[in-house]
Structures are given as C-alpha cells and as structure tokens.
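Visitor: Here is how the chains run, residue by residue.
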Amino acid sequence: MTSIFFRSIKFLIGAGFVFVLLLALLGSITGLINEPPKQTAEQALHKHPKELELASNGPLGKFDTGQLQRGFKVYKEVCATCHSLHMISFRNLKDLGYSDAQVKKIAKEWAIKQPVFDEKAGTWGERDNLPSDRFPKVYYAGTGNPPDLSLITKARHDGAAYVHSLLTGYGEKPDPAVAAKFPEAMKTPEGMHFNPYFANLNIAMPPPLVSDDQVKYDDGTRATIDQMAKDVSAFLVWTAEPTLQKRHQAGLAVVIFLLFATGLAYGAYLTVWRGMKH
Amino acid sequence: MSFPWARHYEPKNPVMKWVDERLPLPRFVYNAIGAGYPVPRNLNYFWNFGILAGLSLVIQIVTGIVLAMHFHSSAAGAFDSVNGTIMRDVNAGWFLRFAHANGASMFFVVVYIHIFRGLHYGSYKAPREMVWLLGVVIFLLMMATAFMGYVLPWGQMSFWGAQVITGFFSAIPVVGDWIRIWLLGGYAPDDATLNRFFSLHYLLPFVIAGVIILHIWALHIPGSNNPTGVEVKGEQDTVPFHPYYTAKDGFGVGIFLILFSTLIFFYPDYLGHPDNYIPANPLSTPAHIVPEWYFWPFYAILRAFTADFILPAKLWGVLAMFGSILLLFFLPWLDRSPVRSANYRPMYRVAFWVLVADVLILGWCGGSPAEPLYVIISQIAAAYYFAHFLIIVPIISRIETPRPLPNSITEAVLGDEGGSRITATAATA
Ligand code: HEM
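Here the protein sequences come in this chain order: A and B. Letter by letter, the first sequence follows residues 1 to 278 in this note's numbering. Letter by letter, the second sequence follows residues 279 to 707 in this note's numbering.
Quick caveat, the hints were computed from the structure, so don't treat them as lab data. Keep in mind that a hint or two might mislead.
Unchecked claim - A few chain A residues that don't get close to chain B, going by computed Cβ distances all over 10 angstroms:
id, residue
1, A15
2, Q114
3, P206
4, K246
5, Y266
6, K277
To be verified - Derived DSSO-like pairs: lysine-lysine, alpha-carbon spacing no greater than 27 angstroms straight-line:
id, chain 1, residue 1, chain 2, residue 2
7, A, K50, A, K94
8, A, K216, A, K108
9, B, K592, A, K38
10, B, K592, A, K10
11, A, K50, A, K137
12, A, K277, B, K592
Stated by the list, open to error - Ranges of calculated distance between the beta carbons of each label pair, as one might list FRET restraints:
id, chain 1, residue 1, chain 2, residue 2, range
13, B, L303, A, K277, 45 to 53 angstroms
14, A, E53, B, A466, 41 to 49 angstroms
15, A, H193, B, P650, 52 to 60 angstroms
C-beta: ideal position from N, C-alpha, C; glycine also.
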C-alpha cells in the first residue's frame, strides 16, 4: 500500500495542483458569468496619443537643435513656474547650441534661485544659479503635484507623443453618446480639468498653452498652440536622454562593425568545418 | 576528459611549459574548452547557448562592477545616481547602464533557450543529472540576482516589485509577517532593504560563476549530449572542441552581439517599464505592478490561484510558483524513458512543443493586467504546466514506443553512406 503511495506521489502532487487550479477556474468562470466585467469610464473615454513626428524618432533619429531651443523657451516661460527639471544642469544647455556666455546668462537670470544655508546664522538664503547647478526645485501651492519633467517622456507610454497630445487635448470633448453613459465620470471635480489623454480623464494641471503666440519665438516659427506643444515635447525628449543622438551614432558604427566581424567569423567557421560532415 | 582519444596538452611555448609544471591551469583550460575536449561532431546551433550564457554572465559582471563605482545605495540617492549621474555625467555611463539592463534580458533569453534545449534533447537524463541539477541551481540564483538588481534604481516598479515579492513570504502561516520584516529590515522597503539587496546583488553573480564551474566540471565527465541523444561510441563520433566549436561559437557570439547591440543602442527601453523612470513613492501604488518579462510565466502561475482550498489562495499561489521551478529538480526521475532526444520520441515531442506554447501563454498572461479573462487563461495554462511535468511526462515515458535510434552519431551524420536504420528526422537533426 505505502509503496504504491510513494510510486504515485508525483501524480498525487500534480493532481493536487491541477485540482486547486480547476477549482479556482470554476470560481473565475462563475464570477465572470454572474458579474460580467463592465466597461469603465476610463476604458470608454480614454484616447491614445496622436502620432508625433520628431527628428529624434526612430533608430537613427537626431536632435533638431532649433526645435529644442524653442522647446526650452516654452518650458522656461510656461512650464517652469510649476514643473522642475531636476536632472538637468544649466551647463547641459550647451548641447542645444547656446554659448558659454548665453548659458551663464540664462542661469543668472533664472527666476527661481538656488537655496543656500548660512552656517553662521543658521538660516536659509538664496543665490543666483551657476552653469554647474542643477535646475532648482520648484514649490507649487496649487491643486495636485506637478511631477519633475526631466524624465517624463520615458516615464509615460508613447513619451513625447503623449505629452504633445496631453497639452493639446484639453478642448477635445468626448462623444456625447458615450459620455452620457458615464454621468459620474463626466462630472469634473472642482479644480480639475477634463483631458481624454490623461489616464483617469481629469487632470489637476490647468491648460498651460491657451493662445497662439503665448511664447515669442526668435527664429520666425509661428508659435501656434500645436507648435509650442510639439517643441516642448521635443525638448523633453532631450532632457530625458541628452545622449540619445550619441547613442544612435555609436550604435550604427557598432552594428556595422559587428556585421563585418560576424561575416568573418562565419567564414572561419566554414573553413574549419570544411570536409567534416556534421 | 574521459574519452581515451582526447588529446593531451603539450606546451610548445617555454613560458606555458614552466607555468603548467607548477600550476596546471593551461592544461585545465585546454581540457575544458580547448583541443583536449572531444565533443560530438553533430551538435546544432542550440549547443551555442551554453557559451552565450557564460558570455552574458561576464558582460553582467564587467558592466555591473563599473556601475557599482558610481551607484549610491540609499533610498534618497539611488534614483538620482542612476538616472542623473550615471546616465548623464559618467563617461559612457548610458552605455554601461543600458548594457547591464538589457544584458539581463539577453541572459534570460539565452538561458531559457538553453533549458528548453535540455528538455528537448533529454540532456537532463543519466548520466547528466548532476549537470541539470546544477543548472537549475544557477537558474534560481539568476532569478534572485535579477530581482534584486531591478530594485536598485529605486523607481516605482523597483519599490513595488520589492513590496510584492517580499509580500510572498507573509503568506507563510504564523511566522510569515515576521520573516517578511526580517527580510526587508523594516515594515516596507527602505534603506535597509536597498543596501542588503545591493550587497547580495554584487555577491550572487560570483556564486553563479562558481556553480557554472561545477556545472561544466560535471558535464565533462560524460561529455556533451547531442541531437540524437545517442552516446559517443568512438573517436569518429567526436571532434576536438578547438578549433571546431570555438569557430562555431565565434559565429554564435557574433549573432548574439548584433542582437544585443541593436537593443542597447536603438531600443534600450523597449523591454523596460515606463514606471521605473518615476522615483519610488511609497504613497502611490502603480496601476499595474508587473515584474520584468522573464518572470511573467511564474507571475501568471502565482496569480492563477484564486480559490481558498484548505490553504489560503495566496499560499497556494506562492507554493505553486516556487514549486513550478523546484519540480525541475525532479525531472530526471519523472521522465523514465531511456531515449533522450525528442526526435525519436513521437509522443514526448508533441508534449514538448505544447509545453513551449504553454509557457509562452503563461508569459503573456503574466504581463497582462489581472483581468478575469487573463486569469482564466492562466488557470488553464498553469494546470497544464503542472500536468506536463507530474502527470503527462511520467505516463508518456511508460507507454510511448520510441522510433529506432541510429547506431551511432557517425551513422546519423553520414546518412545513407554510413548506415541503414536512419530516419529522416535523425538525418536532419
Ligand atoms: C548562467 C547560466 C548558465 C551557464 C553559463 C551555463 C553554461 C553551460 C555550458 C558552457 C555548457 C556546455 C555547452 C552547451 O552544452 O551548451 C552547459 C551545458 C548544460 N547546461 Fe548549462 N549553463 C547555464 C545555465 C543552465 C541552466 C539554468 C540549466 C538547466 C536548468 C542548464 C542545463 C545544462 C545542461 C543539462 C547541460 C548539458 C548539455 C548537453 O551537453 O546536452 N544550464 N551549460
């Protein structure tokens, strides 16, 4: 008797797991029949970001420094009151084509100063930003928590396309027929704003880009809302990975080299095995 | 190596001779991966993956050591040191970081193929049980290492992954909560957790390296298996590892590096999760907590247990998840068929491919949100997984009639020129 038990132990353990799973399966199926999953307001009304063509897209994408400079201007004049950019130092702006003197000036004139602690007095004071400083922290008193934007295009699905759609999506009203099915979700709470691209549909950020020419571009580009949204999204691709273009260029060289080396290795393999059936 | 026709090391260079007489390390290398190791002549490309796994480990260790020079192991500083300092200010830091993160994925791709190679060609059977057992140990160590590594950048998924995985231990009755707090060094992941994970993440790869040496040592006693599963009968069945397999592995390494570089340089974030670019925030739970892709099949098994039956569902899930790996230890004794290669096992061959599909389905469910439909599919797939190893394979190994085997590797290779009883599959294998 015991020997049969031990011989069958594997079947018993296997049957045990399978039995508990079938029990769970039964539970899931009855659950599904009794309570078919309802479509949530988010599923019905949430929109996928619109396509966004940027020079940095694709495996060999490059930065368009003109666009990055315009994007920086939008950030500086619109977003910087609420959002920090803490992974970036002022000196990094040289990547956008600014000279040392320009970077120094941008740092010095930056509205939010660097906090400094006076060891003697035991109090906090301020000083102007230096090129070597990171962008200072931003304190925001309004509703919600504006996230740091340094990595935002990596921290959301569809990155720059998402930011662009979010910034230009405030006016997009949902299909009234669908919206009528979710009267609760359509009640935008006090201090919030409906935006179909935001995960839970109501966002604490008031529409930041509200009129054409809100930012004065120096290069003659027309500053439509869509253009400003595109430019700041492109800029945020750069902040998320200033080395992106270097990465693409290095990658091309590495892959070409490896293709060549692997071709040689294949030749060596054929030569070594010539005449040996395998 | 054990075959009597194995070549012997004769140093030509006086320096090597001097070294070899005092410390026979050159001899050891020669016998392990040089001309002194006779290997079946008919190995296919699936036999490249052992070397590729070794290469992956070396890449992880080299990139990891340099990353560790710039990493701040603290809850306040870790995220910034990775995403700020390493990615932006360290010379080629972005390359090291992307190579290490994607290197882990490449390592798992390679090891999964390596394991399924073993399952298909019966490499786990006598006399290679010890090779297999050590392989499963390596796999467990790799999973632990990868999990702890993913916690280090201290993003949202790092933090919540640590929270969920250590939460498994609280499923243990009575002492569970106590064990969890002991593992974390607190009530929630924090500095203490991060520091111990960093310490262990640095240690374990060297433990893996040690177990790999045992793995290869154990392999060199019977020698490599081969696609026919028929043991080596004589010298004509083998070729010296060098230059034959060094040349073939060189080509394999080239292909591996091309794919790896494509990931690093062009799609470095493709396999990652966007939430890990958000700094850890204990107050905000991500909408979907998912582990890295290589854990998905096991995560699906964990979540498939939704019914309390004697034990709570959560405990069943945890037992099953660990059980699904631990049962690999018993495989050499679950499958009693004397024939190794699935090429000669018509029923096992079907079961093997169903298992491959089953694990892929589990992986797909594990990466999806825990919605009813995915849960139902994972319940069926998880049931099949256990049934495969504990019921189907043991039964097949009793009732199956294997196809006739070739008399030797050489006969299989030379086809019509060499022998009579060769099937079409054997010739192409
Ligand atoms: C870090 C991970 C690993 C490394 C570096 C590694 C390395 C190697 C190497 C170099 C070989 C000889 C070449 C070959 O047959 O491909 C080998 C063979 C083998 N490995 Fe691994 N291995 C690893 C993980 C595993 C795992 C996880 C398993 C199974 C669970 C496993 C099972 C085997 C078996 C059964 C063999 C004998 C293969 C045969 O000759 O048919 N290995 N391994």
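Visitor: Checking each numbered hint in turn, tell me which of them this model violates, lowest number first.
Guide: Hints 1, 4, 5, 6, 7, 11, 12, 13, 15 are the ones this structure does not satisfy, whereas the remaining hints hold.
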